[in-house]
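Given chain A, work out where chain B should sit, using these hints.
As a plain string of letters, each chain reads:
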Amino acid sequence: MAESALGVEGAAAPGMTAARGGLRWETGRRLLRHRSFRIGLGLFLLVALAAIFVPMLSGADPNKLSMRTRFEPPGSEFLFGTDNFGRSQLSRVVHGARLSLVIGSWVVILNAIFGTLLGALSGYFRRLDNPLMRLNDALMAFPAILLALGVTAVLGRSIPNVILALAIVYLPRTARIVRASVLVLRQTEFVQAAVAAGAGHWRILRRHILPNAMAPLIVQLSFLFAYAVLTEATLSFLGLGAEPPTPTWGNIMAEGRNYMREAPWIIAIPGVALAITVMALNLLGDGLRDVLDPRLKIQQ
Amino acid sequence: MIRVILHRIAGAVPVVLLVTLITFGLMRLIPGDVSAALGGVSSTPEQREQIRHNLGLDQPYYVQLVRWYGGLVRGDLGRSIFLGKDVTEATFERLPVSLSLSAYSLIITLLLGIVSGILAALRQNSWVDQAAMIFAMIGISLPNFWLGLMMIVLFSVHLGWLPTGGYVPFQDDFLGWLRTTTMPAISLALLQVGLLARITRSTMLEVLRQDYVRTARAKGLPNYLVVWKHALANALIPIVTIVGIIVSLLISGAVVTETVFSIPGVGQLLTSAILNRDYPMIQGGLLFVALVLVGINILVDIAYAWLDPRVRYDGG
Numbered sequence: 024m025a026e027s028a029l030g031v032e033g034a035a036a037p038g039m040t041a042a043r044g045g046l047r048w049e050t051g052r053r054l055l056r057h058r059s060f061r062i063g064l065g066l067f068l069l070v071a072l073a074a075i076f077v078p079m080l081s082g083a084d085p086n087k088l089s090m091r092t093r094f095e096p097p098g099s100e101f102l103f104g105t106d107n108f109g110r111s112q113l114s115r116v117v118h119g120a121r122l123s124l125v126i127g128s129w130v131v132i133l134n135a136i137f138g139t140l141l142g143a144l145s146g147y148f149r150r151l152d153n154p155l156m157r158l159n160d161a162l163m164a165f166p167a168i169l170l171a172l173g174v175t176a177v178l179g180r181s182i183p184n185v186i187l188a189l190a191i192v193y194l195p196r197t198a199r200i201v202r203a204s205v206l207v208l209r210q211t212e213f214v215q216a217a218v219a220a221g222a223g224h225w226r227i228l229r230r231h232i233l234p235n236a237m238a239p240l241i242v243q244l245s246f247l248f249a250y251a252v253l254t255e256a257t258l259s260f261l262g263l264g265a266e267p268p269t270p271t272w273g274n275i276m277a278e279g280r281n282y283m284r285e286a287p288w289i290i291a292i293p294g295v296a297l298a299i300t301v302m303a304l305n306l307l308g309d310g311l312r313d314v315l316d317p318r319l320k321i322q323q
Numbered sequence: 004m005i006r007v008i009l010h011r012i013a014g015a016v017p018v019v020l021l022v023t024l025i026t027f028g029l030m031r032l033i034p035g036d037v038s039a040a041l042g043g044v045s046s047t048p049e050q051r052e053q054i055r056h057n058l059g060l061d062q063p064y065y066v067q068l069v070r071w072y073g074g075l076v077r078g079d080l081g082r083s084i085f086l087g088k089d090v091t092e093a094t095f096e097r098l099p100v101s102l103s104l105s106a107y108s109l110i111i112t113l114l115l116g117i118v119s120g121i122l123a124a125l126r127q128n129s130w131v132d133q134a135a136m137i138f139a140m141i142g143i144s145l146p147n148f149w150l151g152l153m154m155i156v157l158f159s160v161h162l163g164w165l166p167t168g169g170y171v172p173f174q175d176d177f178l179g180w181l182r183t184t185t186m187p188a189i190s191l192a193l194l195q196v197g198l199l200a201r202i203t204r205s206t207m208l209e210v211l212r213q214d215y216v217r218t219a220r221a222k223g224l225p226n227y228l229v230v231w232k233h234a235l236a237n238a239l240i241p242i243v244t245i246v247g248i249i250v251s252l253l254i255s256g257a258v259v260t261e262t263v264f265s266i267p268g269v270g271q272l273l274t275s276a277i278l279n280r281d282y283p284m285i286q287g288g289l290l291f292v293a294l295v296l297v298g299i300n301i302l303v304d305i306a307y308a309w310l311d312p313r314v315r316y317d318g319g
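Going down the list, the sequences are from chains A and B. Quick note: the first sequence uses the numbering used here, first residue 24, plus one each step. Quick note: the second sequence uses the numbering used here, first residue 4, plus one each step.
Derived from the structure by calculation, the hints contain no laboratory data. Be aware that a few hints might be false.
[Said to hold, decoys possible] Which chain B residues face chain A? A few, computed with CB under 8 Å, are given here: (1) L21; (2) S144; (3) W149; (4) V229.
[What the hints assert, rightly or not] Just so you have them, the derived chain B footprint on chain A, three or more residues with Cβ under 8 Å: (5) 153-165; (6) 260-274; (7) 281-290.
Don't be surprised by glycine CBs; every beta carbon is placed ideally from N, CA and C.
Excised from the complex, chain A in its bound form (with noise of 0.2 Å):
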């Protein structure tokens, strides 16, 4: 999944400047009509609840100790069944869709900021392009978990480490896309218009063509968070995410690697729970690309 929206040059779409009043309504009103965007929305905001309010409601400490509910099943009882420690799982599952979606939030947050600011500056400035880009090639030249795997190792095993690691990692895509949306903006009327008003560069960038350049940003930002939910899953499951006995749903899986002839749930329950928040954000993803950006749609 990864790379595929990532390697896209999106040019800017036209349309976008749609973000405006009745127009922003019926750019709403097209997403909750596309199905995948629409599953992709109750799929996450089921995690995204599961997350804020389980928690809240049960109040169970994920790492509480209990030997004498060790390797419950699934169970009336215990939802999500116990691991080797008599945990409840259901408890660490919630918290660990916890972490993953402020991991991700985070990841998406210094990239929506970094990778406008180096596209931005690299689209504009002619100058500036060819040595950020360079830059950012040879960035894209290791492959994503390994690069996050060595950024990690070298800071050191903990939450703020792992966002770094990610942001680091997903920064030269994300700058690549608003760079493309920049290069095809530059050239518009609209923009040669505002050059020769005597606009300053700073005004034409921030009035003009950054809200030309959202759309794509947009879709690629969806995409983003789930390779950095399921980066971030891969990288505390190889032990180089947050330290255990934080309950990240990677952790939850390597420590159940143990156990898998005894109690496959332990390892089973957070692999599902992975795989729809992924889904959930590439459906939206999906989604959010016919609507906001429809000339991918023909590429992708």
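For chain B alone, coordinates are given in the frame of chain A:
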């Protein structure tokens, strides 16, 4: 054509230089004292000094950098701390394992991805299309390590059909190789199959609407010729461009899959190096993989020019 090839190779030079600089810099970003981390808490200052000296870390950065590039030119990526071998040697020992797994997985990817994408496009909006696209969506959303673990639970633990892990070289015992690599190859391929199926479908849909396809049909060519020869020839162009992405994903995925199935390939070498803080091995391994990818992307660009005369004659 030769101009295109030279142009691509020249274009990769700055990227390669930056890649080598990034790997060098990354290992110097390690906070704190590497020798303390490697020597353990109980190490004496003399021992730590010795570790720093062995790694060349007692030299100023520019000397380290010159040595790094000097080594690179000779194909010397340093010496692994834990394996007691040269990084290059350790990597090349493991390479055939990773290559055979990746090749197997790539064949599955290309067959399943392209065929299902074409079938979906030919029957747009039919149940075949829907089923293929749902399958593709699941493929790009399932974590491959989880799929691998679930396959182990089902086929190895419960049914006992296949071993839970390990590796048999295919030149020793082909059947054994199939038994050890089939589950990893499938779990590794699924993501790329989904991706490729989606891209093939949309490209085919676009190509099938073109005039020349209508002409081919109008002059009475049989359908299979129109689809598999005329349409596919043009649909292949965008598909080839994503082969670079697919190989990159394959390498990323192999790192995890090899760990799940205890396959002694380059991916497992790297994860254990990272967990053991074997810094020369991490540095060398990362660089090796990145350089392989740069090379593959050059080949993809050349293939692209070869397939698409428009690129070839514009000189890319």
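Results of checking the hints against the structure:
1. L21: 3 Å, holds
2. S144: 4 Å, holds
3. W149: Hint on W149(B): holds, closest Cβ of chain A at ~4 Å, below 8 Å.
4. V229: With a closest approach of 20 Å, the V229(B) hint is violated.
5. 153-165: That given contact holds, which follows from 7 residues of the segment 153-165 of chain A lying within Cβ reach (below 8 Å) of chain B.
6. 260-274: holds (count 4)
7. 281-290: As far as the segment 281-290 of chain A goes, the hint holds, because 4 residues have Cβ atoms under 8 Å from chain B.
Checked against the numbered hints above, the structure breaks only hint 4 and satisfies the rest.
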